[in-house]
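*Asks:* One-letter residues, chain by chain:
2 protein chains.
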Amino acid sequence: MQNNDLLAKIDAHIEENVDYWLEQLARLCAQPSVSAQNFGIAETAELVAAMLREQGFRAEVMSSDGNPVVYGEGDGTSDKTLLFYLHYDVQPPEPLELWDSPPFEMTRRGDKFYARGISDDKGHIIARLAALSAVRDVLGELPCNVKFIIEGEEEVGSIHMPAFVQEHQDLLAADACIWEFGGVDYEGNPTQSLGMRGICYVELSVQTASIDAHSGLGGSIFPNAAWRLVWALNTLKDENENILIPGFYENVLPPSDLDLELLGRLPDHSAQLQENYGLAGFLNGMTGGVELKKTAVFQPTCTICGLTSGYQGPGTKTVLPAKASAKVDFRLVPTQSPPEIVEKLRAHLDAQGFSDVEVKLLGGGRPAKVAPDHPFVKLAVETAVTVYGKDPLVEPIIGGSGPNYPFIHVLGLPVVSAGIGYPGSQVHAPNENMQLDYFILGIKHTAHIIEGFPRAE
Amino acid sequence: MQNNDLLAKIDAHIEENVDYWLEQLARLCAQPSVSAQNFGIAETAELVAAMLREQGFRAEVMSSDGNPVVYGEGDGTSDKTLLFYLHYDVQPPEPLELWDSPPFEMTRRGDKFYARGISDDKGHIIARLAALSAVRDVLGELPCNVKFIIEGEEEVGSIHMPAFVQEHQDLLAADACIWEFGGVDYEGNPTQSLGMRGICYVELSVQTASIDAHSGLGGSIFPNAAWRLVWALNTLKDENENILIPGFYENVLPPSDLDLELLGRLPDHSAQLQENYGLAGFLNGMTGGVELKKTAVFQPTCTICGLTSGYQGPGTKTVLPAKASAKVDFRLVPTQSPPEIVEKLRAHLDAQGFSDVEVKLLGGGRPAKVAPDHPFVKLAVETAVTVYGKDPLVEPIIGGSGPNYPFIHVLGLPVVSAGIGYPGSQVHAPNENMQLDYFILGIKHTAHIIEGFPRAE
Chain A
157 MQNNDLLAKI DAHIEENVDY WLEQLARLCA QPSVSAQNFG IAETAELVAA
207 MLREQGFRAE VMSSDGNPVV YGEGDGTSDK TLLFYLHYDV QPPEPLELWD
257 SPPFEMTRRG DKFYARGISD DKGHIIARLA ALSAVRDVLG ELPCNVKFII
307 EGEEEVGSIH MPAFVQEHQD LLAADACIWE FGGVDYEGNP TQSLGMRGIC
357 YVELSVQTAS IDAHSGLGGS IFPNAAWRLV WALNTLKDEN ENILIPGFYE
407 NVLPPSDLDL ELLGRLPDHS AQLQENYGLA GFLNGMTGGV ELKKTAVFQP
457 TCTICGLTSG YQGPGTKTVL PAKASAKVDF RLVPTQSPPE IVEKLRAHLD
507 AQGFSDVEVK LLGGGRPAKV APDHPFVKLA VETAVTVYGK DPLVEPIIGG
557 SGPNYPFIHV LGLPVVSAGI GYPGSQVHAP NENMQLDYFI LGIKHTAHII
607 EGFPRAE
Chain B
157 MQNNDLLAKI DAHIEENVDY WLEQLARLCA QPSVSAQNFG IAETAELVAA
207 MLREQGFRAE VMSSDGNPVV YGEGDGTSDK TLLFYLHYDV QPPEPLELWD
257 SPPFEMTRRG DKFYARGISD DKGHIIARLA ALSAVRDVLG ELPCNVKFII
307 EGEEEVGSIH MPAFVQEHQD LLAADACIWE FGGVDYEGNP TQSLGMRGIC
357 YVELSVQTAS IDAHSGLGGS IFPNAAWRLV WALNTLKDEN ENILIPGFYE
407 NVLPPSDLDL ELLGRLPDHS AQLQENYGLA GFLNGMTGGV ELKKTAVFQP
457 TCTICGLTSG YQGPGTKTVL PAKASAKVDF RLVPTQSPPE IVEKLRAHLD
507 AQGFSDVEVK LLGGGRPAKV APDHPFVKLA VETAVTVYGK DPLVEPIIGG
557 SGPNYPFIHV LGLPVVSAGI GYPGSQVHAP NENMQLDYFI LGIKHTAHII
607 EGFPRAE
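Quick mapping for you: the protein sequence lines, in order, are chains A and B.
Reading the first sequence from the start, the letters are residues 157 to 613 in my numbering.
Reading the second sequence from the start, the letters are residues 157 to 613 in my numbering.
One chain only, chain A, in its complex shape (with noise of 0.2 Å):
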């Protein structure tokens, strides 16, 4: 049973410091930290730790294979603790002329703060850091021990989590993990992820001659790396979203009847959806319901990304293109492996005649759910009822990906969701924004899960 005056205390606290909290959101977006593009990445995590350091804890930029992870720590008066994965990488800022205002410079525009990262990933570092904050100040001390592990390289398919994690098992030892997201749905009804989609991300690529080539001296002769490109991608999937690469599907495993139960459960978005994006409609003629949910998130997919050959300026240039190149991410669903996707991928283009197509392996993740009786899990619920008022929605799996495998896999962790997220937040396109609303109340969420967390059992 938990305090409600003591939650009330807390609430308020939050309330009152939302502005030092909102200084504190502006000045870590102002530090770009691009890890497609390497840009300020070791600034970046200097300043997480020095952030943190700065609210008492323990903290540390650690280095692994890949970008640098900042590594923190605090005491509480239990024994129990509680893990946080963030990370304090941003997607490109790119294409920059849609964006309204600049990409690393906070900007308020109505109850709405617009920055590249502000809400995946930079609010939740803030958000954590300013529940903490209102916890110990209104019980005197943190009721649990906490760890922080803040990567960057989320958004390059967090490569290194695994073996870092793997490699770190006694220092992030713990009993629980609240995950780097959350929020609400559009009718402002909190969320609650229990898996994510694994992804196996690759760039096709080819080259058919050493320099380009004028259009009317080789076109018809000389091979052209754009249509080898085409042709190549053309056998990977038709057009009505069957994948073809000869055993795609043989290691997914069907929705169970829980699994179908708790979508059930979850509202349709799709008019809002269809309305955010500005689409015509929804693949192979879905309109809504649990089919279209069913499909968004159990089916594994096959994503072009990006598209890249020859001339691509303005007006023409005639020329024939000596490279062309894909990235294509798939997004893989229990129990389906990256190292597997891409053994079938390799095979079936060379049985398709595109030896000549490169693969390389960009950004892999393994797919994995939690169990939804666990007790962690329960808390989450409860306190989001409290904040919220509302009774959350919990997704059995969600579509995006993250490295919660090697968390929930190795570390044996149960790992739950709590955040400021919103549909309109724009995540990884021009003009991500929070709104000010969800940012107190995903603290507050955050709070009553740290204040409750060492009575659930």
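By construction, these hints were calculated from the structure, which means they are not laboratory data.
Hints may be right or wrong, so weigh each one.
25 Å max Cα-Cα, derived SDA-like pairs, lysine to any residue [what the hints assert, rightly or not]:
(1) A:479 x B:426
(2) A:479 x B:442
(3) A:500 x B:387
(4) B:479 x A:397
(5) B:500 x A:387
(6) A:479 x B:250
(7) B:303 x B:322
(8) B:479 x A:253
Note that the structure is predicted; figures quoted are calculated from it, not measured.
Chain A is fixed; fit chain B onto it per the hints.
*Replies:* Just chain B now, kept in the frame of chain A:
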């Protein structure tokens, strides 16, 4: 019968003055004139007109529906008039990182001179002026009237040239025309081109959403612009180079017996092409001979010149692109025409379910050929024998395109080529260059044609 002493004097004059003309060429190359990027166009037109006036010609910059056209003229001692068609615009210099010296700064390395446009087509503008200057200095006066039409949109398809010629038929009236290019093959044999393929350059674009989405969110349920583009492109041409647009080939004239005879006399450049462009081989297993030569110029093409969609930077960005586009260049042979091809392409995309793919015509021109037995063609061939000491190779049609259709079929002129090019020029590619010896030979050949022109019947 030409006067050998006179020609020897002209040749000597050309050799004595080569440094002056190299300086003029450096001056012209230093002025960027990228029509695809609307960069330096007006400035270059004024510079070219000024350079004509410095050589004693009347010159003016005329407006057109597109970029300005430089018109020039000068009087001679006969009533015959020779028209020079040239262009002052150049291809974009990108990719800049592949240039070994700045593209807009003529740089000598050994006997080669490097700059964007040095061969295509600024070196030819200078070669015409150098030839006219030599003939006039040696003869005292020009033996014929001359006219210049120097346009600024050749590299973007000369889209306004047909209408300009149509509108200014009286101004441009002449008896023969020297085209903007010419030169030698891999063995240094002079070449003579009797026609050019047409071009129909389109942009295919598709938009499936108002903004990009997170690939984890939309990958299974949102339409993806890049996939739509790949699937649409795939319907245009198969892996055996068959263009699949219904009716595409119906206006294609096969080569005549004379065309094939001319092709048969041409040397086989397949080995040099393979080496220069670093090709593993030619399309469809072709290895050379008349089949390769015939395919290279008498087959229409469908070339992807550029692909663009989504994220193209380093590393990964997990984005589902809202927009995708391709630049596609169709080379046409007699009697295909751009409007016909655009119409058939549109109908094909609609029939294949790709009404969402927009087609925009960016540039077009019809194919055209000159009769090989015209006296002016014979003059161009005979003078080449004198200058180069070798029989010229007569190409019935070449793979490239240009606005020769209105000159041949509206003005009714025989059109021949003469110039400074060689197969290593890298036109349209980084490190475009010319070789000093071929520059001098191209000037001499042009001068000999001018000298003999009044007597050619």
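*Asks:* Where does the structure disagree with the numbered hints, that is, which hint numbers, in rising order?
*Replies:* The structure conflicts with no hint, since it agrees with every one listed earlier.
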